[in-house]
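K.L.:
Sequence:
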Amino acid sequence: MNYSELASRMLKAADAMEGDTLKVVASGREYQGILMPHHEFSDPDVLVLKMKSGYNVGVRLDGSSAVEVISHAERKEKPARRQKNESGLKTVAVIGTGGTIASYVDYRTGAVHPALSADDLLGAVPEISSICNVKARVLFSIFSENMDVKAWVTLAQAVREELDKGVDGVIIPHGTDTMGYTSAALSFMLEGVERPVVLVGAQRSSDRPSSDAYTNLIAAGRFCVECAMPGVFVLMHETSSDTTAAVHLGTKVRKMHTSRRDAFASINSRPVARVHFNGAIEVLQNVAKENREHYLKDNMEENVALLQFYPGMDPRTFLPLMKAHKGIVIAGSGLGHVSSSMVEAVREATASGTIVVMASQCYYGRVNLNVYATGRDLINAGAISAEDMIPETALVKLMWVLGQTDDRKKVEGMMTADLRGEIAERRDVDD
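According to the numbering used here, the sequence shown is numbered sequentially starting from 215.
Calculated directly from the structure, the hints in this document are not laboratory data. Honestly, I wouldn't trust all of these hints.
Stated by the list, open to error - With a Cα cut of at most 30 angstroms, we get these calculated DSS-like pairs of lysine-lysine:
hint: 1; residue 1: K624; residue 2: K503
hint: 2; residue 1: K364; residue 2: K379
hint: 3; residue 1: K379; residue 2: K540
hint: 4; residue 1: K540; residue 2: K349
hint: 5; residue 1: K503; residue 2: K469
hint: 6; residue 1: K469; residue 2: K540
hint: 7; residue 1: K266; residue 2: K469
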């Protein structure tokens, strides 16, 4: 959406452009700030100004408003940052997918823009070029909630392509909301991955003093070249302070807070490594597996769903949905339970050919269907235990397993076997 006729006329009369510092009088108040870009979703009568405080303010114009330019911004194009190789440095591929981390600040206006090219991606954190040679490309530029199975497959293919070309590691800037799903999907599709593949995100955008984008990307680069542990990982702030980043196994990680920088946690496991921002890298557990063949196994069954049990859940509503899917993961209560009426729905669904896997809403701990009668009834109804997998990982794993086989016995065997570190033999986390 463009500016309204009124706003366009006032800006033109004042010779005002994006990046200029303006004084705007509206509704009896005076505002001073840098004119920010106008987006298609912006109100046509509103000017967005970045104040000295760093916050943006929307000012609605009317017939009595006035716009004056205090100072013009320098009119010049930002020079492109080119990829270049330095001898003696390892090479890391950076594959952009979008999200808060894959953005850069235009310091002329203070606006945060998505990185839409390889040069933009490099420009977000130019210092990474002192750690490694970077092969950057933007595969997607989308919000992470718009990632889907097809996007996971495309990303896995891109990662495998870069690894086959001999890069020493792969960094994937990714939106944080669904990063755990993507890390699980890559973990299963990239069989025997031989070098580090690190998903990295940011909870705070690059225009904020508390942004974690810079430190997380630098830490990911250092982990790839200095630690070089093979596997799929998620790297994010370990605490709310700028001290360390935690490296989580891709099948054992979950976002546990909406906005804190230390939002991610390893569930039923400890982090794989700790990267100190002042230099040191601690390896907390070695998950590398020796002498494994590496290849891409990217068949995924999309007709799989995740349900959360709740008291009063009506099987009449959910049984048709369960029968319509090849696989269902149910996040049950406690040890992996549902109501008696839902047990019968599970029985009917499995009899129709649907694979039903029971996970727990508790996240921490292990599903055990052998303790109470409800659990034993679920076993008799054909449910499969998710062991200590979180529901999201169980969902992605079931998609992948059903992409490999339709045989129920094989599906059950694969779902209850530890294939990518997703199932722990014992509780391995510090109290």
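K.L.:
Okay, which hints does this one fail, numbers in order?
P.N.:
Numbers 3, 4 and 7, in rising order.
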